[in-house]
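Listed here are the chains, written in short residue letters.
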Amino acid sequence: MKVVWRTAAAVEYFGRSEAAAVCMQVSAVEIEQEVRLCTSSTVQRRGGKRGRFEMMAADEPQQAFTHDDDFHDIVNDKDTLRRATERFLVNMIDELTLGIIFDTHRKYKTRAFDLDGDGSPCNDIGNDTSVDIFGQHNMKKTQECECPNCDRAVVAARFAPHLEACLGMGRSRSRNASRRIANNNSNNNNKDRDSNMYSELPSDDEFDDSGDKRRKKKHRNGNKKGKGTPKKLISETEPIETTTVDIEGDEDGDVSLKDFLQDNSNHSSPVDVSAPATPNSNKSKKDKNKNKKNKRDRTSPSTSLE
Amino acid sequence: MKMTQEDKIAYHLDTNNALDRVTELVHTRLVDCGWRDQVRLACRKAISDSGDRIPSVDELINNITGNARGMVPDSVKKELLHELEKILVNVDKVAH
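Respectively, the protein sequence lines represent chains A and B. Here UniProt numbering is used: position 219 in the first sequence is 219, and no number is missing along the way. Here UniProt numbering is used: position 61 in the second sequence is 61, and no number is missing along the way.
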């Protein structure tokens, strides 16, 4: 009964031909027959328009039973099973083929790709180095500059920092650079270092100008911090005035501290200083360590004076 | 509505939640054996051979579908048929 009223509803809603299309493989004649049966008997039409023709779902108990039997019969018979399975597989392959055809056709219709060569549309970018994988051009062209000092090709954005390091204007690494430069100049020119343009740079034996800068920075930082804590400001200014040891340059610090201690003490000879067993050298080392520790303690932000 | 045997097979697989598994199995096998790429190349060739005018979907279907069936390797086809039969027998056992 459900099948009948649903069929009639489909005919009413869609019209005869469309109902047939919706039903899929159901002929219009069959639908008309159903409708006649429907009108001849007093079948109550439920609801309004029902959009779906659900023949299988409507007649579930009876037809499902028959389908099960049919399926069982198919499976039991080997030849029938083989043929049915083959047709099922062919249908599936056809569906996949349609999917590929639709997909390819849509791509070519919407983007109108160039079909020269075997490359797919996505691979047209290929070997072009100016375009990235998303097809976007590299707008920011990296300009390279040649360093006048080391003759290296440096990216423009990094040219200034490179020059700073290369010429020895920067920090600890620049000391190596300045040493290198100084050695090169002494080998090349055989002139006094004072006459050299790089002589303005601090040597390893002298106080480090970058240390001065650092001290100034520290001083500035100390001032900023000191607004809230004046005690700290005092303590931070004290080492700045007295000490000359550079924490960053460990190797160079050893040399400068040793020289500094030698100058101050004037008791030991360089030979004694170099010998590890001498008490003076031990003392100097201890002092150095103490100084370093003190400096670290004083400059560390977490220390408290109380 | 008269259902063909393959439609009945599809219906029973669907009701037993096996249709998705079967579809995925077939799809994976066909991709692995390179069949999908071959069909895609055939499509592109058909489009490029037509010149400036891009052929319609119907024309492509008529040209390619028949060839696509033959592009499936025999070994893959046999394997798929064997596995499908196994699955159908299991589904029938579960149903009964």
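Keep in mind that a hint or two might mislead.
Said to hold, decoys possible - Derived lysine-lysine pairs resembling DSS-like cross-links, with alpha carbons at most 30 Å apart: (1) A:K107 with B:K93; (2) B:K45 with A:K78; (3) A:K78 with B:K78; (4) B:K77 with A:K78; (5) B:K8 with A:K107; (6) B:K93 with A:K78; (7) B:K86 with A:K78; (8) A:K109 with B:K8.
Quick caveat, the hints were computed from the structure, so don't treat them as lab data.
Verification of the hints:
1. A:K107 with B:K93: violated (45 Å)
2. B:K45 with A:K78: Judged against 30 Å, a Cα distance of about 40 Å means the pair is violated.
3. A:K78 with B:K78: With a Cα-Cα distance of about 15 Å, the restraint between K78 (chain A) and K78 (chain B) holds, given a limit of 30 Å.
4. B:K77 with A:K78: holds (17 Å)
5. B:K8 with A:K107: It is violated: about 35 Å lies between the C-alpha atoms, which goes past 30 Å.
6. B:K93 with A:K78: holds (15 Å)
7. B:K86 with A:K78: holds (12 Å)
8. A:K109 with B:K8: violated (37 Å)
The structure does not agree with the numbered hints 1, 2, 5 and 8 stated previously, though it agrees with the rest.
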